[in-house]
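Protein chains in written order, with the working numbering: chain A, -14 to 264; chain B, -14 to 264.
Take these hints with a grain of salt, some might be off.
Identical chains blur together in the list; that is why a pair holds if it fits in one copy or across any two.
Said to hold, decoys possible - Dumping the calculated EDC-like pairs for lysine to aspartate or glutamate here, alpha-carbon to alpha-carbon at most 16 Å:
#, residue 1, residue 2
1, 154, 0
2, 154, -4
3, -10, 68
4, 89, 235
5, 89, 147
6, 222, 63
7, 89, 165
8, 30, 68
9, 64, 20
10, 143, 73
Read the hints as simulated data drawn from the structure, not as lab findings.
Number of protein chains: 2
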Amino acid sequence: MSKLKVIDSIEEMQEISANWSEEVGFVPTMGYLHEGHLSLVKAAKENCKIVVVSIYVNPSQFAPNEDLDTYPRDFDRDKKLLEELEVDYLFFPKDSDMYPQNYKTWVNVNDLTKGLCGKSRPTHFQGVTTVVSKLINIVNPNKMFMGEKDFQQITVLKRMVEDLNFRVKIIGCDIVREKDGLAMSSRNKNLKSEDREKALSLSRSIKLAKNLFRDGEIESRIIKEKIWELINSSGAKVDYVEIVDPVTLEDVEKVDEKSRVILAAYVGSVRLIDNGNLE
Amino acid sequence: MSKLKVIDSIEEMQEISANWSEEVGFVPTMGYLHEGHLSLVKAAKENCKIVVVSIYVNPSQFAPNEDLDTYPRDFDRDKKLLEELEVDYLFFPKDSDMYPQNYKTWVNVNDLTKGLCGKSRPTHFQGVTTVVSKLINIVNPNKMFMGEKDFQQITVLKRMVEDLNFRVKIIGCDIVREKDGLAMSSRNKNLKSEDREKALSLSRSIKLAKNLFRDGEIESRIIKEKIWELINSSGAKVDYVEIVDPVTLEDVEKVDEKSRVILAAYVGSVRLIDNGNLE
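Using the sequences and the hints, build the whole thing.
Below, the structure written as structure tokens:
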């Protein structure tokens, strides 16, 4: 069993990654690991000889009014989970190293970042694309494993990697769900127990859309209306519900099996997201 | 004598650069090579085992009203010059590969790109930082050699490389001048012969500033006034004259020997730049 090495220095990580001798799989996370993250780590272990996981709650992807301060953290528990999965390196950088004074550079992906989560979180994706660019340059991986729960994020990052000619290949992995259907999220910890039922309206919405489509409904407008109804009547509050082309993220009027239902809702003060195709 | 390999495919260049066995020096250019470029190539040859030069007239750093169409080009001549200097690889990509349909990603460096050339060319540096990010990812060099004639450019790119944790080190090389003092530039070719004298007002301005400082003048305002006078009385037309801190590019009121005089002027329809410290 290989021993997990915890690296908190960018310089040290770059020295190690300068001359990887074997294929490297990378799983970038914000920590507070759940089964969803662990499924990415397992995929990386299956595909690559060396596995690097990063834990970094990236401040630049949170707006001032968002939940940076309450974002759950538990480094010791995370470390133990990664040791059990025989991860090789845990990269755990400091804010002052990632964004030193006089930091000035931002990576932006146009269009794809404007709608969906980008509408209610207009500076979010700039933070994501920038930190992932930095992490790719620091970790120098061959493959990067990301969950499809953040469907817009993975679409934006695939575009960025292709546009900027990064060498890494992004591998999208299926959403992992609790037994009751709730998509795994570190933010689920912040749900009050009485709000669980409301939170389930998100995954039920995806199922509803699949059922409607299977029964012949192809009008995006009608499917979205029924999802709004389902979520808001549960006591959760819709942020957005869209049905989009999975590559361009543009709204579709008539759906097909590849169309992606993407939605976000507030359950109490917790903002949750979910998505799925109509197959 | 090694044989120059011309590579026009991004994919092929990335395959070659995936596992460089020795230190690689890179000189990104827009072609129409002059002694300034060649001095960079020579520096790369002296410092690195493998030398890659790129020739790419990057459309995204030209605004619609600028001189993309008249930017001088002579591939065969450039190739011959690089062969003579025993360059290993000439990377010569196509627009349709560098910016395919649906291209959406841009790298921006804040603040440093706002003043100086950024004022009259507000989209220029976004094009430069983006294409250089791409070229770094494609060529995977250890060192990148750039001329200090584009002083703001090199300052912006150093910031970008540090901020995004690119592994390359940028080496700034001295401005190379014609015998009469004119800073080497591919654009000099577009100068009419009767405008040569006007063009010399730029390098004379740098000398004037050095002389004024040596004689005790430390008021930035006064040095700039005298440069405006010199350039405009020559028949050239000042775009800007600034004296700045060489790292932050912020205006200085009282100059010292490290302060950088940076200026741009139109000579006929040709826009030229020059700069120097006050040592």
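How the hints compare with the structure:
1. 154 to 0: between (21 Å within a copy, 14 Å between copies)
2. 154 to -4: between (23 Å within a copy, 14 Å between copies)
3. -10 to 68: This pair counts as within: shortest intra-copy Cα distance 9 Å, inter-copy 47 Å.
4. 89 to 235: Only across copies: residue 89 and residue 235 sit 14 Å apart there, 31 Å inside one copy, limit 16 Å.
5. 89 to 147: So residue 89 and residue 147 pass the 16 Å test across copies only (10 Å; inside, 23 Å).
6. 222 to 63: neither (31 Å within a copy, 63 Å between copies)
7. 89 to 165: Neither: 44 Å inside a copy, 38 Å across copies.
8. 30 to 68: Close inside one copy (12 Å), not across copies (46 Å); limit 16 Å.
9. 64 to 20: The answer is within: 14 Å in one copy meets 16 Å, while 56 Å across copies does not.
10. 143 to 73: neither (25 Å within a copy, 32 Å between copies)
Checked against the numbered hints above, the structure violates hints 6, 7, 10; every other hint is satisfied.
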